[in-house]
Amino acid sequence: MKTFGGKVLFLDRSDINTDEIIPARYLTEISKDALKSHMLEDLKLEAFDPQAMQTSEARVIVSRANFGCGSSREHAPWVFEVNDINVVIAQSFARIFRQNMFNCGMLAIELPEDVIERLFSHCGGSAELIVDFNKDSFTISSAKGAESISYVISRFDKALVEAGGWVEFADARY
Amino acid sequence: MALTLAEKIFRSHLRDEPFPGTKVLDIDVVMCHEITTPIAINDLVERGKDRVFDPDRIKVVIDHVTPAKDTKTAQQGRILRDWVRRQKIKDFFDIGRNGVCHALFPEQGFIRPGYTVIMGDSHTCTHGAFGAFAAGVGTTDLEVGILKGVCAFREPKTIRININGTVPRAVYAKDIVLRIIKELTVKGATDCVIEFQGDVVKNMSMESRMTLCNMAIEAGATSGVCMPDEVTVEYLWPFISSEYANKQAALDDYKKWWSDNGCAYIKVIDLDVTGLEPQITFGFRPDEVKNISEMEGIPVDQIYIGSCTNGRIEDLRVAAGYLKGRSAASSVRGIVSPATPKVFREADEEGIIKIFMDAGFCVTNPTCGACLGMSNGVLAPGEACASTTNRNFNGRMGKGGMVYLMSPAVAAATAIEGRIADPRKLRREEL
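From first to last, the protein sequence lines stand for chains A and B. Just so you know, the first sequence maps onto residues 0 to 173 in numbering that gives the first Met the number 0. Just so you know, the second sequence maps onto residues 0 to 430 in numbering that gives the first Met the number 0.
Since the hints were made in silico from the structure, they are not lab data. Careful: at least some of the hints might be erroneous.
Example chain B residues on the side facing chain A (calculated, C-beta under 8 Å, incomplete) [what the hints assert, rightly or not]: (1) D140; (2) V166; (3) R390.
All figures in this text were calculated on a predicted structure; none of them were measured in a lab. C-beta: ideal position from N, C-alpha, C; glycine also.
Turn these sequences into a full structure, and let the hints guide you.
The following block contains the structure:
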């Protein structure tokens, strides 16, 4: 199983699509590692710098509604994976992106709008987030303080993370 | 119990329910292209599982970048070609026979009512036009589909949209679906199937129904669906004539997939298209949609007619109807990509290719082309394209470029004027 947690990158916008996460011009690559330097290259977000230290040191992304909409490209979770980001927390996800995350043994955590708002209050405070996978909860801490938040993922999604992904799960079962 | 079309397909294809609410379905058709499949193939090889569940139910095409533009895309093509040969997959479409997957595979008769279809491509929802459950998936889902013939989904919820009224002149399926996405928003149908119903849909060709279903994903939907009817049977007849005594028998059989009276919808929307204007996007999301009259006069640099949304023969006929005897403005670059070799051939025979060329358009081979800016037709920063495609995301057609989504009619009118233009103000010749 992967490890989940570390420094948080806050992306304060809804509807961040997979073209912004990894542009189509890089889909000619046939290795995941080749994607690494292009993460979030086309993200339309004021003051966001894909090359900044904050971006490269991030291990968790926190964002708003409908994260990962658009193309089915699994290159979106992969570009996070090769940058050691294994958790995305958002108010909601597009279906294919969410499934791709769990299929790769990664975590896509949905939380209500007010809880997401609370997470964003840590923005600018150099936040760290540690997931306790077995307890379905995480702790976020920053200069603004610390708090624990529990989340719900489906039993299937949890089983995929435990198995290491959908290929492992399906191969053992079908 | 009254069921929706999607619920009926889920019941008939249910292989397993590992946890409550998770449905693992048997898949009838697994479709593959050269962008998302090679990594799945390489992973299967690495795992020592270089097998396929059924070579006859895997359909393969090279369509996104074809002919190859560089060494990397040549390698993607090669991985696919070697795999197809190794696995004895006979339905493989390469140079000369290839075209945009969601236009080509329906033409080949691969999709039937009641089928489950997956592909590593978000616009797989197009095939729901045949009354199938067709979903775009990632590479891992594709890999498991190739190996095991199964895919997992959550229980489907269905949104029904009743499209009625009189379709105004110069208004097409594209305008209707843009109007629907505006209402639903880009996340309004997440984890849902959108059912397109009503008299307007009943009177639509399969091509127009595919345009509707193609853009269901832009509202977040898993699949768009239409009820299979006489139009579906007529389209499929060359492929199913040996299976049924006559067309009525096929229709009677296909009706079993229709959503039952009294089935459960999570939402029903009634849309009267009488009075609907041609629609066009203005921002970087496909739900940012306005009436054409609010957008007229905005200059563009490129016109693109093609894609899995609007690259079929009836789309080319409409655009050519406006372009006949006219020229694209000297300030714009016109590009048209007939979606398949069959579309190209028909367009040639009907004189449509000549009309485009006389109007100053570049006619490309069948390919996904400019739609996602990874082969030809890439925009320079600051440029804008009037496009019949499906996504206007930031950078979609090239870094710093802007895309306006519209019907082939609006694209043709815009080509002539060099600025976003209302096709209702132009005469169109019936081709």
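Right, here's what the structure says about each hint:
| no. | hint | result |
| --- | --- | --- |
| 1 | D140 | holds, 6 Å |
| 2 | V166 | violated, 29 Å |
| 3 | R390 | holds, 6 Å |
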